[in-house]
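My request is simple: use the sequences and hints to build the entire structure.
Chains Z and S supply the protein sequences, listed in that same order.
Going by the numbering used here, the first residue of the first sequence is number 96, and it counts up by one from there.
Going by the numbering used here, the first residue of the second sequence is number 96, and it counts up by one from there.
The set of hints was computed from the structure by calculation and includes no laboratory data.
Keep in mind that a hint or two might mislead.
Which copy? The list can't say, so a pair holds if one copy fits it or any two copies do.
Each computed DSBU-like pair below joins lysine-lysine, with the alpha-carbon atoms no more than 35 Å apart [what the hints assert, rightly or not]:
no., residue 1, residue 2
1, Lys183, Lys117
2, Lys246, Lys130
3, Lys183, Lys97
4, Lys97, Lys130
5, Lys183, Lys297
6, Lys246, Lys281
7, Lys183, Lys130
8, Lys97, Lys246
9, Lys246, Lys297
10, Lys97, Lys281
All figures in this text were calculated on a predicted structure; none of them were measured in a lab.
Number of protein chains: 2
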Amino acid sequence: MKFYDCAIAPNPRRARIFLAEKGISLPMIEVDILKGENLTPAYLAINPRGLLPTLELDDGTRFDEVMAICRYFERIQPSPPLLGRNAKEIAMVESRQRKMEFDGMIGGSEVFRNQHPDFAQRSLPGAGGEVIPAIPGLVERGTQSIARFFKWLEIYLGEGEFVAGDIFTMADITALCAVDFVAWVKFSIPPENTRTQAWYAKVATRPSASA
Amino acid sequence: MKFYDCAIAPNPRRARIFLAEKGISLPMIEVDILKGENLTPAYLAINPRGLLPTLELDDGTRFDEVMAICRYFERIQPSPPLLGRNAKEIAMVESRQRKMEFDGMIGGSEVFRNQHPDFAQRSLPGAGGEVIPAIPGLVERGTQSIARFFKWLEIYLGEGEFVAGDIFTMADITALCAVDFVAWVKFSIPPENTRTQAWYAKVATRPSASA
Chain Z
96 MKFYDCAIAP NPRRARIFLA EKGISLPMIE VDILKGENLT PAYLAINPRG
146 LLPTLELDDG TRFDEVMAIC RYFERIQPSP PLLGRNAKEI AMVESRQRKM
196 EFDGMIGGSE VFRNQHPDFA QRSLPGAGGE VIPAIPGLVE RGTQSIARFF
246 KWLEIYLGEG EFVAGDIFTM ADITALCAVD FVAWVKFSIP PENTRTQAWY
296 AKVATRPSAS A
Chain S
96 MKFYDCAIAP NPRRARIFLA EKGISLPMIE VDILKGENLT PAYLAINPRG
146 LLPTLELDDG TRFDEVMAIC RYFERIQPSP PLLGRNAKEI AMVESRQRKM
196 EFDGMIGGSE VFRNQHPDFA QRSLPGAGGE VIPAIPGLVE RGTQSIARFF
246 KWLEIYLGEG EFVAGDIFTM ADITALCAVD FVAWVKFSIP PENTRTQAWY
296 AKVATRPSAS A
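This is the structure:
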């Protein structure tokens with residue numbers, strides 16, 4: 096197997112933390128998104144949409160999407176469970192993982208890509224070489240999403256020790272990566288969100304967080 | 096259990112088709128998104144973000160997100176499998192389901208919501224009562240996403256009989272709902288996409304499609 100990675104990018108990090116929690120190590124191939132290496136002909140031959148991460152199996156099958164890669168490993172190595180242990184937990188992890196992803200990761204991406212000069216022609220990931228011009232209005236919409244992200248993260252942490260209940264799951268991984276990603280565009284956990292502050296201190300110091 | 100539904104909306108339809116394929120019927124409570132019933136105090140007490148569908152379990156637990164609801168039922172009633180039968184299929188269904196969702200459903204939503212007067216103050220779903228103004232530039236970006244949706248759907252169908260391989264899965268359900276949704280904003284399967292035309296004729300006539 097091979098894992099096409101980008102060390103600095105927030106989405107590959109979600110998958111790396113997931114793998115580290117399961118104690119799985121894979122050969123990593125670095126592709127630098129900031130330099131646009133994901134849009135070179137060489138990488139587009141691997142992933143025609145230019146997306147990272149991509150997992151390549153030993154039979155040559157390749158697929159992208161963080162959640163697809165995580166589900167693959169959850170199935171072949173269920174322990175420790177990171178996507179829920181029963182139907183209700185599975186649903187809750189999926190629902191909250193998505194909230195953290197859409198509000199935090201995608202909100203952060205809207206703010207970052209739509210004002211950063213290097214992304215002026217690629218405001219949306221996954222379009223391959225197609226020009227997707229930046230839309231300045233998305234900076235404001237992304238800012239609203241990030242506020243929603245922090246609001247809901249604090250509410251979820253009032254219901255359990257972790258984002259989707261009483262055990263650490265993928266919802267925590269995505270939330271952690273989103274907190275660190277939105278710091279790129281100068282947002283941070285509001286001081287009054289004390290549950291989130293305490294949760295962050297705990298999850299950001301797990302060994303997996305440095306993966 | 097209760098299923099908070101909106102008969103006309105494309106996302107609740109994805110879950111209804113999934114349930115119909117499994118032969119599961121649930122009490123449905125209609126909430127009309129077009130009339131804004133999902134943003135009334137009564138519904139915001141059920142789902143504070145105003146999202147549909149929402150599933151309510153007998154113990155009172157509620158969760159939203161189509162994929163969370165589908166994963167719940169896939170776990171409690173695995174047959175017929177709609178999210179993959181082994182690790183590789185599970186990953187492929189997730190990856191392609193997401194492509195059909197992001198390009199087709201979300202692309203369609205960007206075109207629809209950012210030009211429809213009724214959505215001028217709620218261009219993004221899931222923000223509860225918060226004002227999210229329409230962004231005209233998203234109509235063009237959504238149009239590009241819909242083109243990408245049709246392009247990739249045709250490519251996927253060149254690799255197998257269905258969107259994620261040789262069996263009907265959630266990736267087909269999302270793609271079917273996206274094709275029908277983007278018709279609202281006057282997009283249709285390009286005539287030269289013959290595999291997609293044949294696939295649509297087949298999936299749109301399954302009994303579940305009218306759910």
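Right, here's what the structure says about each hint:
Within a single copy, Lys183 and Lys117 get their C-alpha atoms as close as 22 Å, and across copies as close as 18 Å, so both meet the 35 Å cut-off. In the homo-oligomer, the alpha carbons of Lys246 and Lys130 lie at most 35 Å apart both inside one protomer (34 Å) and across protomers (27 Å), since each shortest distance falls under that limit. Within a single copy, Lys183 and Lys97 get their C-alpha atoms as close as 33 Å, and across copies as close as 15 Å, so both meet the 35 Å cut-off. Taking the shortest alpha-carbon separations for Lys97 and Lys130, only the intra-copy value of 21 Å comes in at or below 35 Å, while the best inter-copy value is 49 Å.
For the homomeric pair Lys183 and Lys297, the shortest alpha-carbon distances inside one copy (25 Å) and between copies (33 Å) are both at most 35 Å. Proximity of Lys246 and Lys281 under a CA criterion of 35 Å is satisfied intra-copy only: 17 Å inside one chain copy versus 37 Å between copies. For a Cα distance limit of 35 Å, the shortest separation of Lys183 from Lys130 across copies, 31 Å, qualifies, whereas the shortest one inside one copy, 42 Å, does not. Within a single copy, Lys97 and Lys246 get their C-alpha atoms only as close as 37 Å, which misses the 35 Å cut-off; across copies the closest is 27 Å, which meets it.
Taking the shortest Cα distances, Lys246 and Lys297 sit within 35 Å of each other inside one copy (19 Å), while across copies they are farther apart (44 Å). For a Cα distance limit of 35 Å, the shortest separation of Lys97 from Lys281 inside one copy, 34 Å, qualifies, whereas the shortest one across copies, 42 Å, does not.
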